[in-house]
Amino acid sequence: MTNDQSVSGRGAFKKILIANRGAIAARIVRACRELGMPSVVVYTSVDAMAPYVANADEAYPLTGLRPNDSYLDQDQLMSIAELSKADAVHPGYGFLSENATFAQRVIDAGMHFIGPAPAWLDRMGDKVNARRLMAQQGMPTFAGSDLITDVDSAREAAQRIGFPLVVKPSGGGGGMGMQVVAHMGDLETALAQAQAVADAAFANGGLYLERWIEKPRHIEYQILADEHGNAMHLFERECSVQRRHQKLIEESPAPGIDTAVLREQAQRGADICAQLGYNNLGTMETLYSDGDSGFLEMNTRIQVEHGVTEEVTGIDLVQQQILLSAGGSLPEQPPSMKGHAIEVRVYAEDAQSLMPSTGLLRTFSVPELFGVRVETGYQQGQEVSPYYDALLAKIIATGNTREQAIGRAVVALQAFTIEGVRTNAALLLRVLKAPDFLQGNIDTGMVERLLRQGARIPAL
Amino acid sequence: MAKQDVESEVTGNVWKVLKNAGDSVAEGEVIMILESMKMEIPVEAPSDGTVASILVEPEDQVEEDQVVAVIET
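So the sequence lines, in the order shown, correspond to chains E and Z. For reference, each letter of the first sequence is one residue, going 1 to 460 in the working numbering. For reference, each letter of the second sequence is one residue, going 1001 to 1073 in the working numbering.
Be aware that a few hints might be false.
Stated by the list, open to error - The calculated label-pair distances, taken between Cβ atoms and stated as ranges, are:
1) E/Q136 - Z/Q1066: 50 to 58 angstroms
2) Z/A1021 - E/M355: 24 to 32 angstroms
3) Z/Q1004 - E/T363: 32 to 40 angstroms
Read the hints as simulated data drawn from the structure, not as lab findings. Note that beta-carbon positions come from the ideal geometry of N, C-alpha and C, so glycine has one too.
So here's chain E without its partners, still in its complex pose (with noise of 0.2 angstroms):
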């Protein structure tokens, strides 16, 4: 039985748009290879040497570089998709995979968009009211605010939060315009500073205030869904090493939380998708602390670490994907989970200052071991370019335990030579080998101390 016998009834699409670039493009290609679609690629000058563009069926060139001048330009996507005859788009993630409008464009020109429908991607984006939609359907969540009108509404929900709590923007993501406040004292400034960075940078400028959670754990679930009703979960993700709130290191299972616990939760978000009738893939992301769990966001989209999920159930993502937008339907046996895997995310930027770094990548030998799989959309000779994100390589290894994945991942990433670009490396190898982290002690500030740690040694 191969996987994409698990999604029964499915149609199949003549040609699909791949809106992306990087590891997630090259992804997507051979998926579509895979299930006998045939796939077109957009490129920018910097990304022609890209091997996805070459494995394509079709690419076409962008004509600018930045992201707004091209993977962003959503009139230029869209006269490719027509001028190649596609009857599909796929968004991958980040870029124009959350984006309501592009989604409604896609449909509204005869195409399938690979995701769910724009209402979800709308009513999702705005982070108030996902967390009133989920908390309304019985999802648990932290105490928090409404949209924030004026300050004596926010000193007034302020006090029914306490104290520390968290201005964030309704409108965004990443981390980016989040304030933690310690005192009412220091409200009115930080909703001022959140403000001014939330109207630079998200269409929707609106605040809400949130309990801060003291060294959480991220965890987040899985969720597939057909367009006939049906959702089921497949698992949890545990996400908790990030830097400037971004993932670094990613694994399923999460260690150390009661199974029993973690599985009531992705039930309950599969039930609550199922009761909406959410469609196509769904990551439900919480935070977790002390046996207490609180919902956070919904991601619409395939996400940057779905490998991890992958390796430990064996179903293929992004082919489901695809076929439940074909009409495709979910198995009707729940799915089960064995081993563990683990993801580390290596980026083109300096292990101690975190300083992003471009070149050529005179090197760049990718390991071929046993239990250890390389999602990458760069190769050798390629160049690393200012313009995008600093993702070089997503290595995930599998393993029987957790111990045996982490060896894995160790072993793969000594075994992987950079050269031309500095990487992250070593700090990868850091946190891997970190008492805390073979333990299952983990947390989201874990990176920042260790980064602590290493500061104090001279350099040389």
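Since the structure of chain E is provided, determine the placement of chain Z on it from the hints.
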């Protein structure tokens, strides 16, 4: 008065210039913000002094180690 070069740590674009020639700056104060790989990279004054010149404008491309400003200390 000694002149001191302020260099970019990264290859990227100038996003915002926060100081002008003639402004006094304290060590660690942000002179400009660069953008590279979707990250905002602040360029800080290496010591107390006065900005002698700003050598780049918003949108300019900068290379790693390029001198982007000069301060007098």
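Cross-check of the supplied hints:
1. E/Q136 - Z/Q1066: 50 to 58 angstroms: This hint holds: roughly 54 angstroms between Cβ atoms.
2. Z/A1021 - E/M355: 24 to 32 angstroms: holds (26 angstroms)
3. Z/Q1004 - E/T363: 32 to 40 angstroms: Given about 36 angstroms between the Cβ atoms, the range holds.
When held up to the earlier numbered hints, the structure conflicts with none and fits them all.
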